[in-house]
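Participant: In case you want the letters, here they are:
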Amino acid sequence: MATVFESVGKETIDHLDYVGNLNIQWWATLRAMKSSLPFIGKRYRWRTAVQQMLQIGVDALPMVSLMAICTGFILAMQGATELRRFGALHYVIDLVAVGFTRELGPLLTAIAVSGRSGSAFAAEIGTMKVTEEIDSLRVMALDPIEFILAPKYLAALVSVPCLSIMCNVCGIMAGGLFMFFSTHLSPPLYFRDVLASIKLRDVVAGLIKSVAFATIIAHVSCLEGFRVAAGADAVGRSTTSAVVKSTFLVIVADAVFTAIFYFTGQA
Amino acid sequence: MAIVSVRDLVVEYDGRRVLDGLNLDIEHGETMVLLGGSGSGKSTLLRHIIGLERPKSGSVSIKGIDITNCSPADLKKVRHSIGVAFQSAALFNSLSVNDNIALPMREHTKLAPAIVDLVVWMNLAVVGLADFGKLHPQELSGGMKKRAAVARALALGPEILVLDEPSAGLDPIVAAELDELILLLKQTFEMTVIVVTHEMASAFRIADRIAMLYKGEFRSIGTKEEIKASQDPRVRQFLDRCPDARGKEPAIAAYFQKYLQSPEANL
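So the sequences go chain by chain: X and H. 1 is the number of the first residue of the first sequence in the working numbering; add one for each residue after it. 1 is the number of the first residue of the second sequence in the working numbering; add one for each residue after it.
Isolated chain X (complex conformation) (with noise of 0.2 Å):
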């Protein structure tokens, strides 16, 4: 029986020292993170938050877009197989809009940028931490937070909202290309109906989800990272982890948000 409290005991205290962490690390991130801005940060590391935003942004739109789409369709398919049966065809616009831009776009967006970025940022720190790389920048006085997590969190803030945004879009054109094959309901007609069903703040709380999930998978990636201790098979185990971990967290705070704009009457 003692074992068993024993290693429940031990299990909370890991997971509160985890929790700890990435708190340490959100605020320290925070405070370095002045040092990455245009024109008031150091030019380099502006252009290291640049090239971020490239990778976790630019290069992941086909991806994003093509998951978008199929999404969309799907959506689509499956809510008008059931609101035929009540002649409700013409809702199937709002499910995917307000369906989209609430939910499924930041949704979406945040598990290809957690498998595509998350795991990169994990292996590279990791990497890094195994061939001194880490240690080499504290002999150099240099923070690694400001220098390595900084601009990647900054980079993370700015694309996964705009990626959001556009993952919307393609969902969004998905239900009208259905629409269209399906009651020859023209593009422009759709998109007046899109933009009547849409209200901002559906908007605003997609946008909000879309930046707690970015600081989930930026933290929670790089976390893992600097969690490596030594050897090849570490910064395996830390890729995978960076993604499993950051992939929950990010379905447990979007069900958190949900609750609290539901609750709030924002939703």
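Just so you know, nobody snuck in bad clues.
No farther apart than 27 Å at their CA atoms in a straight line, the calculated lysine-lysine pairs in the BS3-like style are these:
hint, chain 1, residue 1, chain 2, residue 2
1, H, 224, H, 63
2, H, 215, H, 56
3, H, 110, X, 34
4, H, 134, X, 42
5, H, 76, H, 110
6, H, 63, H, 77
7, H, 77, X, 42
8, H, 63, H, 110
9, X, 10, H, 56
10, H, 56, H, 76
11, H, 110, X, 42
12, X, 34, H, 76
13, H, 77, H, 56
14, X, 34, H, 77
15, H, 76, X, 42
The set of hints was computed from the structure by calculation and includes no laboratory data. It should be emphasised that the depicted structure is a prediction, and the values quoted were computed from it without experimental measurement.
Chain H: place on chain X using the hints.
Facilitator: Positioned in the frame of chain X, the structure of chain H alone reads:
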């Protein structure tokens, strides 16, 4: 006053004592070689001297500042006067050799880009890599990487140059070239050099004094001549390249004896 002073340094990992009450003074302009076998604690001592780890007890003072118990600002100031070349070179693979060497200057000085480029070229010329600045570290040989790491360590004109296993994994000619480079740097810049190695020939070529570590304790500290004349059995074993007597330990001998008499060994 000694430029580096180690007092009663005790280091433990998970209750296992790695360094046991070490005392060492390194004078200004001196080349101190930390000699010892694998697992003797020399790299651990080095990591404490450059402030990468905190000991269980004891102190390490650089230029009179106790880096085990000082403010981050003081530690940063101390680190500006230390240049470190790691065993793995620890060059940033994402940057060219030029950018690797320019990095500390871009971060810590307000030198004009043209001056930074000039200093980078001069440092590369000192280590014989003037024509290789545009390459990336992965395009360099092992010896060239180590020389590039030395060039980066020299970037801010440090008073103390620390080299971790500079000749490990190099052929004897390249290793000898590195030894000559260390001697040249010491003569030219009058810097204090701390070298960790287990290469006897290299140690006796470059050292003013040698500190011999064995199982976390200093067995002998003295000039090259004093070390050569030492009658300490562990020092003699290291100098004379005698194998350890592990194979003759009764338990292991009995194990092999038993195995040789077993049917499995006589199949």
